[in-house]
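Fit chains B and C to the supplied structure of chain A, relying on the hints for placement.
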Amino acid sequence: MVDPADTVMNFRRRDARDKLTGRTRFTIDRFPAGLLHGAVLRAGVASGILRKLDVSRAATMPGVRAVVTAGDAPGRIGIGIADHPLFVVDRVRYHGEPLAAIAADTFDQAQAALAAIVFDIAPMPAVLDMEAALAAEAPLVHPDWRSYEVLFAGGARGGNVAWEATAVRGDVDAAFARPDVTIVDSAFRVGRQNHVAFEPRAAIAAFEDGRLHIETSTQVPWTVRNGTARLLGIRASAVRVTVPPVGGGFGLKFDLAIEPFAALLARKSGRPVRLVNSREEEMLTCLFRENAEIRIRSAVTKAGEILGREAVVLMDCGAYGGEQIFLTTMTAHTLGGNYRVGATRLVSRAIYTNTAPNGAFRACNGVYNTFALERHTDEIAAAIGMDPLAFRRRNVLGDGALGATGQIFEGDVLGPMLDRMAELRADAPDLVPGDDGRLYGRATTVGTWFVFVGPSAATVNMNADGSATLVTSGVEIGSGSTMQALPQIVAGVLGIRPDDVVVRSADTDAAGYDVGVGGGRTTVSLGAASLKAATEVRGKLLAVAAAMMDVAPDDLVMRDGRIERPGANRYGYSIAEVAARAQALQGPVAGTGAFTGQGVKAMVGCAAGHFLDAIDIPVFAVHDCDVAVDRETGHVEVLGYRVVQDVGRALNPSAVGGQIQGGVVQGLGYALHEDVTIGSDGCVRQSGFETYRLPLAGDVVPVAISLYEGAPSSGPLGTKGAGEVPILNVGATVACAVANATGLRVQELPLTPPRVLERLLGRKPDLAFPHIAERWADNLLHPHGQSTGSGDGG
Amino acid sequence: MPLALTVNGEVRLSNAGPMTPLLDILREEFQLTGAKPVCREGFCGACMVLRDGRPILSCLTPAGLVEGSDICTIEGLSPGGTLTPLQDALESHDAVQCGMCFPGMVITLTHALRRTHDLTDAEVRQALVGNICRCTGYERIVAAALAIAAAHGPEAARDG
Amino acid sequence: MSIFSPLVLHQPASISEAVALLAAGGRDCAPLAGGTWIMRAPIRHEAPPPVFVSLSKISALSAIAISEERVELGAAVTHAALAEAVAGYPDLQVLAEAAGRSANPAIRATATIGGNLCTTSFPAADLLPALLSLDAEVDLARSQGRERLSLEVFLERRAALVPGWLLTRVVVPREAGRSAHARLPLRKAGDYPVAIVSVAIRLCERDRVTKACVAIGAVETVARRWRSLEAVLLGEPVDPERAGAAAERLLYEITGREGIEAPGWYRVHVLPSLVRRAMAGIAESLSSGNSRPCRSP
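Chains as they are written, first to last, in this note's numbering: chain A, 1 to 794; chain B, 795 to 954; chain C, 955 to 1251.
No lab work stands behind these hints, which were simulated from the structure alone.
Even glycine gets a Cβ: it sits at the ideal position worked out from N, Cα and C.
Between beta-carbon pairs, the in silico distance windows are:
no., chain 1, residue 1, chain 2, residue 2, range
1, B, G874, C, A1001, 37 to 45 Å
2, C, S1242, A, V432, 19 to 27 Å
3, B, L807, C, P1002, 20 to 28 Å
Here are the simulated EDC-like pairs of lysine to aspartate or glutamate, each with C-alpha atoms no more than 16 Å apart in a straight line:
no., chain 1, residue 1, chain 2, residue 2
4, A, K540, A, D555
5, C, K1011, B, E861
6, C, K1142, B, D915
7, C, K1142, A, E637
Chain A extracted, bound-state conformation (with noise of 0.2 Å):
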């Protein structure tokens, strides 16, 4: 019935031509009448007690038309805890936590009024990183940790240990003992990374009718809408969330951020509030991408055979549990993905510092995981005296594979995509080393990631001029989905052009509940939905255009903007002349979908603590890039840079191609630039762009680009998520290009040029974690498989 390759295009975005002419008003340039500008108040300690808060003269300050405190929201919010409160009520647990909000004419009153403020906070001890907060005996950042509501049940908890999910599979000790085995040890470490939307977070408020309507720019409207009523102690109802277009989100927006004190100061003053993060506020503040701390060892044949395989990731999640609670999950996919394994087992910890929190960064735990499984396959090559292309060959998963939970691969895709690379490979020019001193090398890794289904709604309107106007919650955040393949797959089921397909900006009043823009989920989720909603409403039309034409519907097609009978004659109507007689003898002709994920099975008894105990839609990468290492300075150099990417279906080739290219930018910046460090105080060093190093032009390679289709997927048409595994296996390949260039044991990201000379000049030793236990159970806050019941394992 609906052709896929119809669907198939590169259509233009409709986007493209307000944002390169200045007119696209986004979120932060949107100054309603009336409008107040608010303002936060931060604390510069990273922990301690706040024994006063005095907002009294700052209320009576010039301009002054609101002040918010803790008393004004009583909620705590979290995934899988709730630990997380707007304010401080009386424990500061990061540098930087908000103590006070206020609203004033202009954003200088209430900056003064801020300073008006008058609070005093006891310093307490604070724990910087996870090896001090693991220590014995380290202060706790939550010590009423075993109070907080438990959202998600099942992981064990205890202390500074916000959470901790195992896989375990087969029997990893027999594995390890067998004589004929190698066993391989390797530690990585990386650092945080920062989002740098270049839009900041940024929401305006309004207090209507009793409701609040919440403008920003987000990812998930459904979160700002449910978590807001949380944090103020109001019905989610009473919350209405629309989004402009969003100025970038790569998952900094996939959570709740300045809305609930834009919402509070709306309510309060009765009057609309503007609230937008500074610079400096998104840099030290931003739910980075969380730093990393990895165990990892194998016990391998001669053969290249990998028996037994055991991990420990320490994942740094902040002061909040926030999206690091769920990420434990991904280990198991990440981690445990890649390769065919005889058995294993690995423990993912989510642990408290008091430092700001982290959240979620386009491929989120795979970056670092990924990074750390392909250096330490390299590891393992090196040790067996294998090839560790031909390892990677001889291991890769395929079809009938198990992943660590026990679930089930289909289909041979690594492989294949193994020769396409060898095949994109052939067609570069060889690299030939220069003689210019420095050091050549190349690697080429792979990558298991994943779609983020769940569950999303779409309602399509057929208009009587032969238009579709699409209702979903998706919102544009950059990457094109709501404004390329959404109407495409729309379009594609009408047989009208993607053009006729009005897209409707996000808005919780007018569609169904959406998990949220990320995750690879756009295209899938809400493609299905909106598949689902475009089939209905075709059958509708079709029921009625048979009926004008005296002719069963299966014997029409839609197409080219019109419904007829196939043949030379093209007897038939258009489509708007088709929905104009439905509307005046039905009404309106409408359609819904609804999608969620199917639920892949996982082995009983393998994952626990584990939010997604399989994955629904893997996504595989293989990457493959040549370096040059400048010896006396330590700058790495990326030559060339080659992506194949598991896509499904591509249906929009230049689209997809678009978010390659960007993703493997970005994970350059990860692997080579961008650094993020905690001084002292507790406070991030990097507080703009001077210190906080992108990627410019200069630095960037064009990526050669190979989309391999065919692999199996139960996303629309075949399709999987595109935009967010171009990042998955960026720093992996580099750290791999540049150990293989050096011959050095690269073990941490990113590899900025400070970090390479210091390990050329061995004046670093390997990386060594007092805080990760020699035996792995003994990471363990209970054994793997024993109920923790309400999720506590104190």
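Chains B and C only, in chain A's frame:
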């Protein structure tokens, strides 16, 4: 005395003080929100406008210093919504993603292409050292600029 | 709208007028040249002084005069204008590179020589080591007169100068034959260098170095001459490897500045490579001909 600024060919008055960053006046008083405040320290280029044909960082420019100059913002570059050849090339190269950096990118490249018709790849990248894009990975932006250079440059074939 | 809104901006048309305004304003008043540093005061959490005196309407301050003997640069000459004016002069190559590669194009089109020299809290300024290597002097104007200082002395005194002075001009004697500027940003470009080496030399018979000036920037809090290395280079041919090795032996004299972007040891460690790169630049310039005749001082 109010500031008299010539913006997109019109004289407009502002009551802001002369040290006020031009960017704030453009955006908040004149509702010309094409120029973006992103880093506010001259590294990202998203706030760029043309002053007498040359790119300036409006976040670091006191408005009092540009009285008497012709200020052209991204909105003034394509009156009536007609795309310039460069904007057209950026659109046809499918270069745009979130779009926040493009006003500045267009300002920089418009000037660079006016100054040197036959820009090379290296020259385009040098011109963009002060324009950061977080989404696209730059290559399509560079390709679009080179396409214009090839179409208009007197030595179009030089860099093929 | 911003902390800058209430500030006063004077735009005098002459140096004398500017100096009078500065003297009257005292500590509440500061000169404003390109403004690229001053306008970032909010980023640094600094309160700007209430009154600024703009230099942009004083045409003399934007003048550039290049003669056989010297280069005279108005303090408000921008990096871009400087780079363009000195391009192609082998002895001024260090200035062309310093002015032409610092920061990014829009900053270079705005930021001035005077601003670069007067910003005490900016250790990575490119023009400082470049001008130090050329033995530059600066003219200061006050309401009660003018004085000329060597740049080195000015850098020592600048933080302690009594308000009311204005740097009006930089004078660069053309005594060097060749010069080069080696800077090390962490990316290809666009960031402040973590270390800078500027070298200017004069050669005489049999291509021996008869005068050598080496300056380092970004490594310590203020750029300075590296005189012990200069002494080693004297009387020798231009030999990048030897110069680098000599620098290596003298590194103990330098303590690198700790910074967010790079540790102190790193800034020091890369200096010999930068010395080698600067000397290689000079060697290349010599071998490409275009030599400037050696003149007696």
